[in-house]
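Here the protein sequences line up with chains A and B, keeping their order. Take any residue in the first sequence, note its place counting from 1, add 21, and you have its number in the working numbering. Mapping of the second sequence onto the working numbering: position 892 corresponds to residue 880, and the numbering continues sequentially without gaps.
What the hints contain is simulated information worked out from the structure, not anything from laboratory work. Predicted model only: the values in this text are computed from it and were never measured. We put the CB at the ideal spot given by N, CA and C, even for glycine. Careful, some of the hints might be misleading.
Capping the alpha-carbon separation at 20 Å, the derived lysine to aspartate or glutamate pairs in EDC-like fashion look like this [what the hints assert, rightly or not]: (1) B:K752 x A:D257; (2) B:K555 x B:E243; (3) B:K294 x B:E472; (4) B:K876 x A:E280; (5) B:K(-9) x B:E54; (6) B:K393 x B:D512; (7) B:K422 x B:D507; (8) B:K752 x A:E280; (9) A:K292 x A:D186; (10) B:K752 x A:D288; (11) B:K706 x B:E691; (12) B:K428 x B:D512.
Here are the computed distance ranges between Cβ atoms for each label pair [as the list claims (entries may be wrong)]: (13) A:R69 x B:A170: 28 to 38 Å; (14) A:D257 x B:D251: 40 to 50 Å; (15) A:R69 x B:P208: 52 to 62 Å; (16) A:R69 x B:P277: 49 to 59 Å; (17) A:G61 x B:M(-11): 20 to 30 Å; (18) B:R249 x A:A35: 47 to 57 Å.
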Amino acid sequence: MTYLRATTLDQAFAALAAGPVAVIAGGTDWFPQSAEVLTGLPMLDVTRLPGFAGITRHGGDWRIGAATTWGQIAAADLPPGFDGLRQAALQVGSRQIQNAGTIAGNLCNASPAADGMPPLLTLGARVELVSARGRRVLDLADFVLAPRKTARAADELVSALWIADPGDRVAGFAKLGARRYLVISIAMVAVSLTVDRGRIRDARVAVGACSPVARRLVDWEAALEGLAPGPLPPPDLSGLAPLTDIRASGAYRLEAVCEMLTRLVTDLTRKGAL
Amino acid sequence: MIKFVLNGVKVTADPAPGERLSQTLRESLGAREVKVGCNAGDCGACTVLVGGLAVCACLMATQQAEGQRVETVKGLLGDPLGQRLVASFQTHQAAQCGICTPGMMVAAVALLRETPAPSEAQVQDGLGGVLCRCTGYRKIIDAVRGAGVAVAPGGVGTAMARLDGLPKVTGTEAFGDDVAPAGALVVKVIRAPHPRAAFRFGDLSALPEGLTVLTAADVPGRNAFGVIPAFVDQPVFAETEARFRGEAVAAVVGEAEVIARFDPATFPVIWTPLPAVLTVPEALAKDAPLLHQDRAGNVMCRGRVKRGDAAAALAACDLVVEGHFQTGFVEHAYIEPEAGFAQVVGGRLEIHACTQAPVMDLDAMAEILAMDRRQIRIVPTAVGGGFGSKLDISVQPYVALAALKTGKPCRITYTRTESMQSTTKRHPSAIHLKIGATAKGRITAMQFQGDFNTGAYASWGPTVANRVPVHASGPYAIPNYLAETRAIHTHCPPSGAFRGFGVPQSAVAQESLFDELADRLGIDPLEFRLINALHNGDPTVCGQVFTQGVGITACLQALRPAYARAKAEVAAFNAQSPLRRGVGVASGWYGCGNTSLPNPSTIRAGLRADGSIVLHQGAMDIGQGANTVISQIFATALAAPVECVIRISPDTDLSPDAGKTSASRQTFVTGNAARLAGEALRAAITTRLNVAPDAALTFLPGEVRSGDRTLDLTALPKDRFGYALSTEQTYDPPTRPLDHDGQGTPYAQFGYAAHLAVVEIDLKLGLIRPLQFTAAHDVGRAINPLLVEGQVQGGIAQGLGMALMEDYIPGRTENLHDYLIPTIGDLPPIETLIIEEPDAHGPYGAKGLGEHVLIPTAPAILNAIRHATGVAIRRLPVTPARLRDALKEAGHE
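Let the sequences and hints guide you as you build the complete structure.
This is how it looks when you write it as C-alpha cells:
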C-alpha cells in the first residue's frame, strides 16, 4: 500500500496506469466510507497537482480547480450569479469539512445528496477530465451517472469545472435538514434566473436528494419563462423519484421541494428585479 | 518520513500510507489532547488547525500535513487568544465532561483570529462542526463571546469555576483512550452481524500469527453480567446464539499494527440467522421466540402502583381524555466512546476505563473472573460523558481477560459504531394513558399502561419498569391512580439507564394529555397545573406524604411572568406572519436515589501531619460537577477554604464507595456523606482544641489554630489511613419498601421542575425551531448555581434532541451522521430560574438535579407545537415529515 502525493500529472497518470487506486482529495468522504481497516488500495492524492486548486477567470468562463475546497469557494470573489454555489459551500457539513472537502470530490463521490450538485447544475457547469490520453469536457449531467457512479474512466482524473460567467443572473440555494449543522439533506433546491423588465427569463432549476442523481426540472423551467411576479405554476416534479428513508418520506420530500422552489423563485424574482 | 511543525516544534513521523492525522498525532507524537469521537468528521472532537484552518484530524491523511503548521489545543495555549479562551471557558463552565472541549477551543481560536468580536450566529457557524452532549452549548457561546462574569472559589451557594476544569480546557485531562502505556496490546471484539443468529467458530488456529483469541471458554468465572443481582443475564461472550446485532462472540488480541491490519469480517464464525423479534408487538406474539427461557412471553418484569380506584373514578368524572404515545430508542451519544486498558501489577489486576460506577465494575469483574475482589483495582479515567450508559460494564471484561491471558497491558477503544451497537439505550415506549377531571379542573383519576422495549438483556430495565409507575403521575395530587408497566425483551440492544430511567417517556404522555384536558375545560394550561400541583401534606400516588420540600408550585409560579410575556409576543407575531409560534409548559419530578433500596455513600477525609486537608471523593464526576459540589459541601461543613482541599479521585484502592453516579443521587447522598465527614473532622479538631464546635479554624502548615489555641498535627500519631486526623462517614437515604400496590416510601426526596418552551413552526415544511426555554428548577439549595445552569442547559439539549431528531434504529443509524443530536445551532437561549425549597434530608437543603431536567423538555415542546398549530403529536421524534403529515391530517394547507 502506498500514498502518493503527486505533484505532476505524469506521476498521477503513471499511478493510475499501474492498477486500481483510490483517488483522494479532501478525504472528507473517503475516510468515513473506508472501513476501519485500510482498503489496501494504493492512494493517489491529487491536491498538489498543478492547476487542481484555485479559481481563475478565462474570458467568459470561470475555471474552478478540482481540488478547490468549499471554504475557498465560499471566500472567493465571485459574481452574484454564484450565490447559490456560495450558499451551498457554507452549508456543507461544518467549517472543518468545508476547509478540507473539495468541489470535485463532492461530485466524484456521487452521492444523491451531494450539496454541490444542484447549484452547479443551475450554473451549467462542465467537468474537465484529464488522462494520459488527453483532455475531455463533459456536461455535469453527463458526468454523474448514478449513485456512486460517474463517467470518469479508471485512467482519468477530474481536473476542473468550467462555468460560463453567469452575467446578471441571480441565484440561490436552500437545504432542508433536521438540524442546523452537520446534516445530510432531506432535500435541496437551487435556482438561477434572470429578470428582464419584471419577467423571469432563462430559469434553471435543480433539485437534490430526491432522485438517484440531482437533476434539472426542465419542464418547470420552461413554464417559468416570461412569467411576471405573482403566483407561480406548481413545480412539475415528474422527473423526481425521492426515497422514503430515515430522514423523511418520499411524499414529504416532494411536497417540501414544491414549497422550497416556490419560495426560492419568488425570492430571486424579487431580488432580480431590484 | 513525514515532517511537519506541531505546535511550533518540528516533528517527524512514519505513518502508514493514508494513516489518519489524528492517529499519528495521538499514537506517534503523543498529542493525546486530540480527542477522537467518531472517526468520520461527525463530531469534531479531533479538530486541529492545519495551516491555520480548522479541520478534522480524523479525515486527513498524515501525508497531507507534510510541511504544514499543525496546531492542537496545547499549542494554542501560548496564543493570547487561547489563553483568553481558557480563562473564559473556566469562568463560564463551558466544559462539562471535557471530551469535546479541545475541539471547541481549537475551532474557537480559528474563529477569533478571523472575527475578534463574533456575533452569536458567527460563533455558531464557527463551532457548528463540534458536537457537545453535556453543556447545551449556551455557555460555550457565552465563553467564546467573552460575556463578562466573575467567579471566585467558595463554599455552598457559590458559583465557582469547576475545581477540575483546567485540565479539561487545556487538553491534559486523561480519558479512557488516553491512558494505556505505550506498546500495549490492542483488543478487538468480534460482533454478531445479525439481530439473532446461532453460530459456531471455524478453524481458530488459522488466524494470522500473533493474535490471541478470547471466547466464552476463556471466562474463568460466571459468563454473565448485569446491574441488578436477580437479573444478571448478559454474557461477556455469547456462547451459541447471539441475541442482538453487535453482541460480542469473541475477541482478538495483538500488537497494534497487527490488529490495525486485521479485518474482523475474516474471523472464522459460521452464522445461522434465526427469526428475530424487534418490536414489543412481535415479542408478545403467541409464537414469538423466547429471548430467555425463564421469562415467559418475553416479559422480563412488571411494575405497578395503585392508589384508590382509578376505573371507578374515571367512570364518574366530568371529562376523560386518553391517548396512545410512542417513543423510540435514544442513544446516549456521549462523544467519548468506551475505552480503557487493563494490566497485571504485582499479581493484581488493574482496570483503567471510563465508568460511572467503579465499585459496581469491581463487583461484576470479580464474578466474571472468579477472582477475589481484593485482587482487582478499578481506576476510573475521566469520563467523556455517561448519561447512564457507562453504569454498565462494556470494555472492562475484554481488556481484563486479554491482560490475564497475555500477561501484558491490553487496551481497547470502541469504534463509534461498536459503541452505538453494543451499549445500552433509552427504552422505546408505547404508553396508553387515560386521565379524568372534574369540570372545575381537578384531576380525579389516571390510568397508565406502558410497555417498554428492554432489548435482549435486563440491564436497568427493571428499574425503568419500577420507576415509571411511581413517577407517571407527574408532580400532582391524583387520588385515584393505576399505573402498570412491562419490560419486554426483543432482539435489540439492551435498553438500560438513560437520564430519567423511563420518566421522560411517561412525562411526554402525561403532560401532553394535561394540555388537552386544560384546553377542553377552558382552563389555562399553566393554571391547570397549579390547580393540581402536589403540595406539602398531599399524599403522592405512592401514599408518601412530604410535610416539607414540595417545590412544584413554586416552579410553576416562577414561570408566570415569562409565560405571560411569551403568550403576548406569540400572539402579536402570529397576527403578521405565515409562520406560527406557540408557547408550551410542562412539569416534572424525580425521586433522588435508588427506589426503596439501600443506597449508601461513604466519604473519607483527613488532615495530614503537614496540615493538608484531603478529601477522598469517590463519586464519579462524569461532567455533572461532583468533584466541585462534593468539595464545596465538605469545605463548608469543615469551614475550610475550598481551594485548600486536596481531592483524591475515585479509585477502588484509594476512595471508599460513594455509589454510582446515577439517579441524581450524588449531590444528595454523597453530598450528605461529605457534609457528615466535614462535620466529623471539624468536631475532631474542635474537641482537641477544646473550643466551641462552630469556632473559626485556621488551617496552617502542620497545625490548626483557633484563636490562641493550636493543634500540632505533627505531634499526632498516624491513624490507620496515615492521617493525623481522619474520618469516614456514610449516608444512606431513609426509604421504605413499596407494597404490592406500590405504596410506601420510595425516595427520601424529590426534585421538581417546570419548563416553558417557545417554538416557531414553518407550517409548509413542518420545521420546528425552538426560540426560547425558561426552566424553573427546585434544587432545594443550589450548591453551585453555575453547575445548576450547566445541568439545566445540557438536559434541555438532550430533551430537545429526543423531541425533535433522535431515533436510534439498530442496523441503520449506528453513526453520528444518521443518528442526529443537536448542534450548537439548534439550542436557543435558555433562562434558568433556580428555586430553593429546602429539603430536610438534603445537604444544606439540596436536592438532586441531573435527570430532572430533560423530563419536562420534550412535552413542553410538544405543547408549544400544539399551541402554535392545534396539532397534538404523540410520537417522537417530531421530524419535519411527521409534523407535516400531522398538520395536513388536521386540515392545514
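Hint-by-hint comparison with the structure:
{"no.": "1", "hint": "B:K752 x A:D257", "in the structure": "holds (18 Å)"}
{"no.": "2", "hint": "B:K555 x B:E243", "in the structure": "violated (63 Å)"}
{"no.": "3", "hint": "B:K294 x B:E472", "in the structure": "holds (8 Å)"}
{"no.": "4", "hint": "B:K876 x A:E280", "in the structure": "holds (14 Å)"}
{"no.": "5", "hint": "B:K(-9) x B:E54", "in the structure": "holds (5 Å)"}
{"no.": "6", "hint": "B:K393 x B:D512", "in the structure": "violated (66 Å)"}
{"no.": "7", "hint": "B:K422 x B:D507", "in the structure": "holds (16 Å)"}
{"no.": "8", "hint": "B:K752 x A:E280", "in the structure": "holds (7 Å)"}
{"no.": "9", "hint": "A:K292 x A:D186", "in the structure": "holds (19 Å)"}
{"no.": "10", "hint": "B:K752 x A:D288", "in the structure": "holds (16 Å)"}
{"no.": "11", "hint": "B:K706 x B:E691", "in the structure": "holds (14 Å)"}
{"no.": "12", "hint": "B:K428 x B:D512", "in the structure": "holds (12 Å)"}
{"no.": "13", "hint": "A:R69 x B:A170: 28 to 38 Å", "in the structure": "holds (33 Å)"}
{"no.": "14", "hint": "A:D257 x B:D251: 40 to 50 Å", "in the structure": "holds (48 Å)"}
{"no.": "15", "hint": "A:R69 x B:P208: 52 to 62 Å", "in the structure": "holds (55 Å)"}
{"no.": "16", "hint": "A:R69 x B:P277: 49 to 59 Å", "in the structure": "holds (57 Å)"}
{"no.": "17", "hint": "A:G61 x B:M(-11): 20 to 30 Å", "in the structure": "holds (22 Å)"}
{"no.": "18", "hint": "B:R249 x A:A35: 47 to 57 Å", "in the structure": "violated (27 Å)"}
Hints 2, 6 and 18, counting from the list given before, are not met by this structure.
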